[in-house]
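J.: Sequence:
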Amino acid sequence: MAYLVRSGRFDYAAHFLAGAGGTLILIAATNALWPMLSGRRPSAFTDAAPAIAAATLISIGFGLVAEFTVFAAPVADIVDIVHQSLGAILVGMACMLLACNRRSWIAALVSDGITAGLGLVMIVIGAVLVGII
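Heads up, the sequence shown is in numbering that gives the first Met the number 0, so the first residue is 0 and it goes up one at a time.
Keep in mind that a hint or two might mislead.
[As the list claims (entries may be wrong)] Derived CB-CB ranges, DEER-like:
| id | residue 1 | residue 2 | range |
| --- | --- | --- | --- |
| 1 | A72 | A48 | 36 to 44 Å |
| 2 | I77 | L36 | 30 to 38 Å |
| 3 | A48 | L117 | 19 to 27 Å |
Bear in mind the hints are in silico, worked out from the structure with no lab data behind them.
This structure is a prediction, so every number in the text was calculated from the model and none was measured.
For glycine and all other residues, C-beta sits at the position ideal for the given N, C-alpha and C.
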């Protein structure tokens with residue numbers, strides 16, 4: 000993260016945070032829905048590895064679409080795409096590696112809400128770094 004902030008281009012850090020934050024939000028939603036869809040008890044990412052991988056890839060896809068359509072001025076910046084994708088991949092890997100024991104539905108929903116909130120905060124910080132907010 001120090002590289003991203005000390006690089007002199009805050010958009011590196013902003014794209015990294017957007018990729019990481021967006022992926023956290025998608026993974027929180029996935030983690031909340033996966034037990035209901037699979038008929039299993041809630042867990043912190045333990046049984047949802049395929050869904051987490053899919054959420055990570057979807058997040059990268061959202062970043063690509065945004066970079067090529069919304070933010071393309073006049074051409075998409077491959078460095079921005081790489082930083083967004085790195086943020087998404089690191090969060091996806093961390094969520095798969097940081098599995099914990101099964102817990103109650105209430106605890107799972109609170110944890111997912113906190114995870115989604117953290118993702119939103121990361122996106123807002125990224126937006127502040129590039130002057131969108």
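J.: Give a verdict on every hint.
T.: Hints and how they fare:
Restraint check, A72 to A48: a C-beta distance of roughly 37 Å satisfies the suggested window 36 to 44 Å. Separation of I77 from L36 is about 36 Å and conforms to the stated range, judged on CB atoms against 30 to 38 Å. Judged by the Cβ atoms, the range 19 to 27 Å given for A48 and L117 holds: they are separated by roughly 20 Å.
The structure is consistent with each of the numbered hints, conforming to all of them.
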